[in-house]
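Chemist: If you want the building blocks of each chain, they are given just below.
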Amino acid sequence: MIAELGLAALWLAAALAALQLLAGALAVRGGDGETLAALVRPTAVVQALLCTLAFGMLLWLFARTDLSVALVANNSHSAKPMIYKITGAWGNHEGSMLLWVTVMALSGGLIALVERRLPERTMMATLAAQAFVAIGFYAFLLLASNPFERLVPAPAEGTGLNPLLQDIGLALHPPTLYAGYVGLSVAFSFAVGALITRQVTPDFAKVMRPWVLGAWIFLTLGITAGSYWAYYELGWGGWWFWDPVENASLMPWLAATALLHSAGVLAARDALRAWTIMLGVVAFSMSMIGTFLVRSGILTSVHAFAVDPERGTFILALLAIYIGGALVLFALRANTVAEGERFSVLSREGALVVNNVALSAILGIVLLGTLYPLLTEAFGVRVSVGPPYFNPVGAIFFLPMLVVLAIGPLLRWRQDRLARVRGPMLAIAATAVLALLVAWWIMGAALFPLLGMTLAAAVAIGSFLPLRGRSLRRVPSPVWGMVISHFGVAVALFGMAADTAFQTERLVAARVGDTVEVGPWAITLASVDPVAGPNWTALQADLHAGYGGGASQSIQPQARSFWTPPQQTSEAALLTRWNGQLYAVIGGEAPNDEAGATRWQLRLWWKPFVTFIWYGGVLIALGGALALVGRVVGDVRRRAARSLIEERRVDTPREPAEALA
Amino acid sequence: MSTGLKPKHQRLVLVVLALVALVGAGLLAAWALRNQANYFYVPSDMVATPPEVGQAVRLGGMVETGSLVTEPDGITVRFVVGDGEARVPVMFSGIVPDLFVEGSGVVAEGSLGPDGTFQATNLLAKHDENYMPRELEDMTVAQARETVAETSE
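From first to last, the protein sequence lines stand for chains A and E.
Heads up: the first sequence begins at 1 in the numbering used here, then just goes up one per residue.
Heads up: the second sequence begins at 1 in the numbering used here, then just goes up one per residue.
FYI, nobody ran anything at the bench for these hints, they're computed from the structure.
Treat the numbers as computed from the prediction; the structure is a model and nothing was measured.
Careful, some of the hints might be misleading.
[Stated by the list, open to error] Counterexamples of contact, computed for chain A against chain E with all Cβ distances above 10 Å:
1. W441
2. S561
3. G588
4. R639
[To be verified] Output of the computed footprint for chain A on chain E, the stretches with three or more beta carbons under 8 Å from beta carbons of chain A:
5. 16-30
6. 33-44
7. 79-93
[Said to hold, decoys possible] Only part of the chain A face toward chain E is listed, based on derived beta-carbon distances under 7 Å:
8. R117
9. A361
10. T504
11. R506
12. V512
13. G513
14. G587
15. A590
16. T598
For glycine and all other residues, C-beta sits at the position ideal for the given N, C-alpha and C.
Go ahead and model the full structure; you've got the sequences and the hints to work with.
Modeler: Structure follows, in structure tokens:
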């Protein structure tokens with residue numbers, strides 16, 4: 001019954017989305033349709049509730065391991081720990097698409113519930129657009145990937161969940177990423193709504209900005225968490241592989257970051273109108289392209305579980321309708337969007353334009369690199385595109401953008417003079433040169449790490465300079481948000497450069513009792529023992545690791561063998577210090593040495609400051625959160641003040657009327 | 001192009017600059033992709049038209065039965081990848097994937113060394129029954145060919 005209830009809720013939600021589209025569209029047309037406007041917001045809210053109910057039912061089915069449901073039988077097992085039973089609900093194609101649609105419905109319901117600052121007509125158009133996109137994905141879910149399909153007869157036991165996914169990372173990573181990824185649908189709908197009603201104004205940007213910011217925070221956290229998850233779970237010691245699935249999450253982030261900055265220009269200065277709308281369309285288009293890449297199984301990638309051309313064609317058709325439709329609407333309406341205010345090249349706006357162009361260029365580079373293998377395969381040539389392409393080509397735009405990032409926040413809106421910011425710019429340049437010399441002296445002349453260190457120092461100092469000469473208590477929290485996010489970029493960049501430049505690696509076949517040195521660490525293999533977990537057995541090495549001759553700590557990397565499904569994973573052991581991480585992996589048994597002693601393969605890395613990459617990511621998101629809280633609190637206060645004023649206005653004329661009565 | 005420009009002209013300049021940057025990025029990407037893309041070879045291609053020494057490529061095929069040898073250091077393996085027509089010797093230092101065994105498919109990332117041995121920096125094997133590198137899905141044909149060749153000898 002639970003499965004049927006979930007399915008019914010999903011069908012109802014889809015029907016409500018259709019109603020929301022119809023009522024919204026009629027309300028926008030005006031005339032008699034306006035009577036339907038009252039329906040739109042409640043419909044969006046109820047649709048969100050129904051979709052959440054359906055998702056809850058799926059979670060319940062997974063928690064109970066109801067094997068009469070095909071999805072549960074194919075992806076779960078009664079012997080799994082409870083937490084992985086539940087997270088397994090979205091560790092597969094159908095479940096993750098249901099999560100996708102649920103996030104979409106929730107974000108639509110949320111704007112319907114709380115967003116009242118826009119003209120009602122624009123709001124109706126926005127909610128209609130949101131429903132229009134949702135309908136396509138409901139159809140995809142119900143027609144091509146039903147998560148509630150029954151399996152007759154029910155098997156005695158499920159086939160289990162991919163062991164790589166049996167990790168706490170899966171509990172956090174996809175929901176966070178989806179909240180951001182699909183949350184951007186709101187930006188798309190706002191953009192479409194504003195285009196339809198020709199309301200591209202600073203007020204519109206002020207309304208859209210917190211929603212984009214919210215989605216962007218989740219996206220930032222999701223990417224950071226995903227990077228760390230891949231780092232410790234795959235056992236390869238890398239934190240970014242330019243895997244197409246990683247790119248699929250990076251592309252919406254790049255577009256959303258550009259959108260945040262251009263929405264800032266539109267809100268503050270009424271410039272970059274058409275461009276902001278364009279980015280709103282592009283950001284969610286990237287989310288949809290990412291969904292297509294991941295969910296159609298078109299890629300060679302460890303993440304692409306779903307292999308089914310029918311689904312791929314379905315999503316491709318949805319992409320064509322939504323992206324194509326939005327672009328056509330943009331082309332028809334862009335020239336009617338009035339021109340914004342002008343500004344000088346040397347101004348805050350000018351710097352933000354550089355940021356936007358650079359981010360868009362990087363987005364294009366990542367998109368081309370991700371799609372290129374698919375393109376060549378159509379001509380029978382198989383290629384893969386990796387770091388040798390993405391790193392240098394991306395850097396050509398990323399590095400100049402960082403220079404502007406260090407200076408841009410110091411500039412004034414509209415127009416500025418170099419002479420005014422000469423002092424802070426000299427301070428930034430001096431820091432950069434100092435960092436360059438120090439980095440060169442320590443690590444020699446590897447180009448990218450050297451540039452990374454230099455720019456990290458420049459951005460770090462540049463990010464705090466906007467606070468100079470201000471009373472720190474009176475700095476508004478959105479400015480703190482900017483400072484902390486920009487500083488986070490510097491921290492992450494420092495981590496990347498340090499790890500690339502200073503990482504040391506040892507690969508050995510060690511006997512029990514052998515000591516291996518890697519960087520400042522001395523690591524002794526104390527023992528190797530078999531251990532067992534609830535659904536796996538493993539070889540576990542006991543390593544005693546001492547830093548710089550100090551007392552040793554014990555770490556236990558494992559090579560695990562799961563039996564449902566049969567698969568092996570390596571569980572890396574990490575030892576975190578403030579200045580980096582020791583990363584240890586045990587392989588298998590190596591051939592005996594000449595003396596006939598048993599040897600074990602060990603792979604050890606010392607990764608100085610690698611943790612700064614993720615600290616930086618968290619700081620970037622934290623800055624976003626501060627800015628969001630500041631904007632929302634400011635808005636609530638303004639609204640309270642305004643309603644107080646209106647109350648008084650209403651009160652004053654009423655008194656004579658009452659006197660008459 | 002400061003305040004002297006009319007708004008319309010300024011917008012034009014902005015659009016042109018943005019377009020130049022984006023088209024530049026596109027051209028740069030296209031050029032880099034041609035040079036930096038990592039091509040996929042099967043052994044017969046690699047023998048017929050070998051890539052340049054040191055160029056990053058990928059080699060896919062079956063690990064020949066009886067060819068897998070571990071060096072005395074315990075971490076370097078040598079094996080031969082074949083597709084039924086040609087054979088390429090491969091050397092790899094590292095922890096091999098768990099499902100990497102003789103007679104199974106493998107994709108080796110690396111480059112051809114001057115002595116004709118493929119120096120692999122990473123090995124991708126079929127890592128469970130549901131997932132395998134896309135290149136290996138076609139390998140069943142080559143596998144069949146190899147099996148026929150073996151049985152007819």
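Chemist: Could you work out which of the previously given hints the structure breaks and list their numbers from low to high?
Modeler: Hints 2, 3, 7, 8, 10, 11, 12, 13 and 16 are the ones this structure does not satisfy, whereas the remaining hints hold.
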